[in-house]
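Peer 1: One-letter residues, chain by chain:
4 protein chains.
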Amino acid sequence: MQEIQKIAEDMEKARYDLQFKYIVGILEAKIKIINEQLSEKSGREVIRTVLSRMKEPESIHAKLERKGYDRDFATAQEKLNDLMGVRIICLFLDDVYKVANMLKKQSDIKVIKMKDYIERSKKNGYMSLHLIVEVPIGISEQPEVKRVEIQIRTVAMDFWSVLDYQLIYKKDVSGAEEVSKELKGYSEEIAALDRKMLKLRNKIEKM
Amino acid sequence: MQEIQKIAEDMEKARYDLQFKYIVGILEAKIKIINEQLSEKSGREVIRTVLSRMKEPESIHAKLERKGYDRDFATAQEKLNDLMGVRIICLFLDDVYKVANMLKKQSDIKVIKMKDYIERSKKNGYMSLHLIVEVPIGISEQPEVKRVEIQIRTVAMDFWSVLDYQLIYKKDVSGAEEVSKELKGYSEEIAALDRKMLKLRNKIEKM
Amino acid sequence: MQEIQKIAEDMEKARYDLQFKYIVGILEAKIKIINEQLSEKSGREVIRTVLSRMKEPESIHAKLERKGYDRDFATAQEKLNDLMGVRIICLFLDDVYKVANMLKKQSDIKVIKMKDYIERSKKNGYMSLHLIVEVPIGISEQPEVKRVEIQIRTVAMDFWSVLDYQLIYKKDVSGAEEVSKELKGYSEEIAALDRKMLKLRNKIEKM
Amino acid sequence: MQEIQKIAEDMEKARYDLQFKYIVGILEAKIKIINEQLSEKSGREVIRTVLSRMKEPESIHAKLERKGYDRDFATAQEKLNDLMGVRIICLFLDDVYKVANMLKKQSDIKVIKMKDYIERSKKNGYMSLHLIVEVPIGISEQPEVKRVEIQIRTVAMDFWSVLDYQLIYKKDVSGAEEVSKELKGYSEEIAALDRKMLKLRNKIEKM
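Chains as they are written, first to last, in my numbering: chain B, 1 to 207; chain S, 1 to 207; chain U, 1 to 207; chain H, 1 to 207.
Mixed in with the good hints, there may be bad ones.
One copy or any two copies: either way a pair holds, since identical chains are not told apart in the list.
Derived EDC-like pairs: lysine to aspartate or glutamate, alpha-carbon spacing no greater than 16 Å straight-line [said to hold, decoys possible]:
| # | residue 1 | residue 2 |
| --- | --- | --- |
| 1 | LYS6 | ASP72 |
| 2 | LYS13 | GLU36 |
| 3 | LYS63 | ASP116 |
| 4 | LYS203 | GLU177 |
| 5 | LYS199 | GLU178 |
| 6 | LYS115 | GLU56 |
| 7 | LYS113 | GLU9 |
| 8 | LYS146 | ASP108 |
| 9 | LYS67 | ASP94 |
Hints in this document: simulated from the structure, not taken from any laboratory.
Pulled out of the complex, with its shape left as it was, chain B reads as follows (with noise of 0.2 Å):
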């Protein structure tokens, strides 16, 4: 409990939030061009919503305590890469990949990282295109970088990760487990479905 109000504190005291804003601000500016980029070029809608979230004292202590590093600020700002995070929701299967390789070609961002859950979903069913990207702040003299977490998915996958949210939270409640297989089902039924409109997509649009 005083980990947590330490982790909060420190984070005020750098005034994370400004910093979170501005990251945000930035990389939304990006995102809002590529849209208008993809969606010229396809004459339709690329991207259908953009979110972003600071992850909160609680989650950042939870995540220190599970992956057993120290649990203050500095830690989790050298070693955890989603305090920042931004997620992009796109309608087809192929448009988060068009808008993953738009952000990889920006020349003042940097991705180190990419893992696609989609090719190879994690074991509880999630589906999403994750790229860890470097941006650069400049809100003082000393040039920095800041980490964020992009999520890329489509609209149906994110519709199954709002359950797979609310499972989180009831893990060890009997029953749990049930639940989470029936909610992997569908998982795969969503990839399919995607899967299925989009090559239902490409068929019209060559009609």
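Got chain B sorted already, so can you dock chains S, U and H onto it with the hints?
Peer 2: Showing chains S, U and H alone in chain B's frame:
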């Protein structure tokens, strides 16, 4: 061509865009509050996206023609309910009806018509709950009322409708019929998915 | 202290922040339209900034005390007109009255009081046009009405008021009286400037 | 006329509007942070308004002509610093310089020129602090840099400039010279007012 031009001019004369912005401003303020009230009650996000659009002169003209009405803006204002449109996209199936109920409870707008294309989808597979509401507009001395079509649907239904929309422009192309049939099939699949996800959500919430 | 706490709790119970957001949403939509209508007519920008604020429990309590009322939220809602406040900052003196006239013409809000502190400034030099309006709130079954204080002033008057506001917290400090007198003098200077700039603008427009 | 048309087309080809939106997005994120930092330090609001504009083909053409340059978009990009413009309006005179200093400290933008039209106003009375900055644009593979003119001024100076702007279009009209002289006089009055208000603010803050 001249008729479309005339409709565009009459819309400009009536400053229809200003009226649209005002009406949509009111409705968006309302929907925001409804979302916060419902989200607070249910402990999860209820509305994911709100979109709005003003019908373009071209499609006003096309609709008047299709319905056999006189093709001018006065007739459009009298006969068509969807010159102004707002779309509310919810995560779960039951949220669609919760949002509709909240809209019906508002004392200053009036729901004059409701069509449930979820209960009974359109022939092509289209699903959505449609409300026609009357919103008072007080930007001049005479009180007046504007009709708005509010479409409420799930993210899954909305995803489906993107392809449906693309098909409109390819109706007479060869292969369109087959594609339409395939798309209709996915509509049923999506409806089934929405029901299963809702059932599972209810199970999780009761755990 | 306990009284302030109680006011804060009652505001939260009534979800006063949601009511505020709704009411301000309506008014801002209205003011936007008014700005576009006036700007179109005059061929120049009319409103420069719109700000809004909800009165904090501390200052609600202080105002109730100063006026000799019971110090609770129910009394505040009944007696105080400025729990919700909107400020409209115009470029020129005549624009202030044009905006006020447009607000009076709106059929769905009601101006119940108007105080012209420009025609006759407050003793300390404060200038602004104050309207108390009633805005219908329809977020539940019972129609209801909320009062809002709308302050309309020029950029020059608004600039002046920043210093006036800083003085509030230093009323009893030595030197305050002299500073107040000096500030009052600037108020007259600003009023004269506004009149001269308006006169010159009219001259330019007639050229 | 044809030259203006050509400039408009070249801007469209280069998708200059997208570039503008991106650059302005970055700068606005930066200015927001600067405002929060300065406001926190001084305990009062520092920046009142931020505006931005992209120079129109007509006025690009007029400026190229006035300066004796070739009248095409390539030349404009090379020679003109104000194709993209951002205006920051502060409450007090010293805030103008505080904001400028913060902008100079940013490690990822470069101030390449600064002109102080407050210290020494233009002949017609125009006052403002002008910074030309270079902002990196990374929306494609090749890193690039865009120049932006940032004008920083007080609300009082900004008020003055509205009339100055209206005069531009009436330069050759009879009576213009007299009006110009009158306006120039008000510029000095405004400068004096800004200095007096600042002095009084400092007095209040020290009380």
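Peer 1: Would you mind marking each hint as holding or not holding in the structure?
Peer 2: A quick look at each hint next to the structure:
1. Proximity of LYS6 and ASP72 under a CA criterion of 16 Å is satisfied intra-copy only: 7 Å inside one chain copy versus 37 Å between copies.
2. Taking CA atoms no more than 16 Å apart as the test, LYS13 paired with GLU36 passes between copies only; the shortest distance there is 14 Å, against 37 Å inside one copy.
3. For a Cα distance limit of 16 Å, the shortest separation of LYS63 from ASP116 qualifies neither inside one copy, at 21 Å, nor across copies, at 45 Å.
4. Taking CA atoms no more than 16 Å apart as the test, LYS203 paired with GLU177 passes between copies only; the shortest distance there is 12 Å, against 40 Å inside one copy.
5. In this assembly of identical chains, LYS199 and GLU178 lie within 16 Å of each other by CA distance solely across copies; the values are 14 Å between and 32 Å within a copy.
6. For a Cα distance limit of 16 Å, the shortest separation of LYS115 from GLU56 qualifies neither inside one copy, at 23 Å, nor across copies, at 43 Å.
7. In this assembly of identical chains, the alpha carbons of LYS113 and GLU9 never lie at most 16 Å apart, being 30 Å within a copy and 40 Å across copies at closest.
8. Taking CA atoms no more than 16 Å apart as the test, LYS146 paired with ASP108 passes in both settings, with 12 Å inside one copy and 14 Å between copies.
9. Taking the closest pair of Cα atoms, LYS67 and ASP94 never come within 16 Å of each other, the shortest separation being 33 Å inside a single copy and 38 Å across copies.
Comparing the model with each numbered hint stated earlier shows that hints 3, 6, 7 and 9 do not hold.
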